[in-house]
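Trainee: Below are the chains, spelled out letter by letter.
There are 2 protein chains.
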Amino acid sequence: NKAAMSEYMAEPITENLKERLAAGGDMQAQMEHLVLTIQKAVITGLTGVCGAVRVDRWVRLGRGGGGISCVLQDTPVWHKAGCNVSVVNGVLTERAAGEMASRGKTLLPGPKKFFAAGVSCVVHPRNPFAPTMHFNYRYFQITNDTNETQSWFGGGQDLTPAYVNEEDIRHFHGTLKAACDRHDPTYYPRFKKWADEYFMITHRGETRGVGGIFFDDLADQPAGHYLAFLTDMGNAVVPAYIPLVVKHKDDAFTDAQQEWQQIRRGRYVEFNLVYDRGTKFGLFTPEARIESIFISLPLTARWEYCHEPEEGSAEAELVALVKAPREWA
Amino acid sequence: NKAAMSEYMAEPITENLKERLAAGGDMQAQMEHLVLTIQKAVITGLTGVCGAVRVDRWVRLGRGGGGISCVLQDTPVWHKAGCNVSVVNGVLTERAAGEMASRGKTLLPGPKKFFAAGVSCVVHPRNPFAPTMHFNYRYFQITNDTNETQSWFGGGQDLTPAYVNEEDIRHFHGTLKAACDRHDPTYYPRFKKWADEYFMITHRGETRGVGGIFFDDLADQPAGHYLAFLTDMGNAVVPAYIPLVVKHKDDAFTDAQQEWQQIRRGRYVEFNLVYDRGTKFGLFTPEARIESIFISLPLTARWEYCHEPEEGSAEAELVALVKAPREWA
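Sequence order for the protein chains is A and B. Quick note on the working numbering: the first sequence kicks off at 18 and runs consecutively. Quick note on the working numbering: the second sequence kicks off at 18 and runs consecutively.
Worth flagging that the hints you see were computed from the coordinates, not collected in a lab. Hints should not be assumed to be uniformly reliable.
Treat identical chains as interchangeable: a pair holds within one or across any two.
[Stated by the list, open to error] With a cut-off of at most 27 Å between alpha-carbon atoms, the simulated BS3-like pairs for lysine-lysine come out as follows:
(1) K297 to K340
(2) K57 to K266
(3) K297 to K122
Next comes chain A alone, as it looks inside the complex (with noise of 0.2 Å):
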């Protein structure tokens, strides 16, 4: 079908999307829609700036669904940069349910079949001035033997400097705020200081970056009122964060200030690894595809011994941002 692979990355993961938007679409397909849509624009920013792009389609073997991967690597611009779709469904396992019970949600009772869509996208420019990006958007629904159903969305997207530059934030923090204000005045200053609890790296007693949004089973609305505040979201994405790229990938740096950028993405490792509840779902997720998960993982990153940002350096200012989150928009 080459009109999909035009609008999308790759062939859509359900064979017969176009029929079933067409006929005026279903939520799951319309969420599978937006997430190739959001991939497609995002990669489209990527590649504009710099590199080639890899594309995997992939299958979850014996399982229902699969996904599209798209990476750079190793390119004059990016360290390595991921955008993911997948839209995965089967049978939701104890251990999902016990991670969405845990935070403090009622699922529907009985055994459980689930479908989610989504798209995620972690972003580490080579230049240590031009910070790391990560969003992520998605649909959950779950479905019992009587066949009700349960569903709801959930999202974010933060910022991770290793250099404060007070500008770039509010740029980024500033687009997202003027997103979410189209759809409820109240879900900026929600949604931040909830990416503000939950990006946080518990036992460094720090967040991850400078933070943006987060939320999670958002199922209060209409669905049609999400599926269009998703999709404003995932147009913010570019204007947000690209030109902080643009702005910084040829600024002069020296080797230590590189060393400081690969200590921050250890972090980064840290935060992915012990607490991102993505990565731990994937993980756990039986066939799910490794590669596309760690994705979000830096190309190299470090961790020194008892490393201490002198008093008064630039180093140290960035640790005390992420010790103590600022308002930014």
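Could you slot chain B onto chain A? The hints should help.
Mentor: Just chain B now, kept in the frame of chain A:
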């Protein structure tokens, strides 16, 4: 106390250790002496090859106990090598009790205090042909409010090469087996198998390295038996491992071989942050010293998207080995 400082790497954690040992020695004192002695022997072995050591003695602020961390970092031979002693006590958290119960231990009823003494060590050499080594020996004791006590011993020692050298692996396993055999002929086969199960990176379907021994919750024999066993295992660390580093520290290597070492270091990080019992216990212990827990992490690591060793290569040989553990002694 000058005498204590030459016998150990720093003054003991417990003020009256010498007196308690002279008076016959309760098990807590004997274990503190043992872990301090093992630390001294291992650091002497490491500095004998190369590099000066940084020694940090720390106390748990407002809680019981403390530790001594010894680290060699970024020297010509060692990327990062650390050996920690900790001797701590306090109230057993629900979370820690839950972890213990989840591996099948039946704990004393009621609220519990704990005492833990342990030595742990991870050595990451610079040369890709010199393997990484880890060991940990520990004693755990709990006491409930009616003064009943329960105690057990645990530990392990394993080797993680980036390239397969069968002679090296046989030397390492053979040395451990000889030390085990002096105490119980069933120990090595049981604990070797236990290591193959424990040091498993489940999401990769591979072991962290080529194994060694692992055991936990040992409590059937009198404490004196296990103290003698751990003493011998501690004595076996230097002869099992240091010769392998001396043999390979000056081997020639290419950039590609170093990159492969870095990819395997990434796997090491995955195991430690996602699965390792000791790391998790540390991360969730209030007022734990994070820098000491994370001496296990390599100085640098690498994650390449979809890296696949060439068929028939030395890298592919290592992958085959970690996917299907073998017998070595």
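Trainee: Which hint numbers does the structure go against, in order from smallest to largest?
Mentor: none
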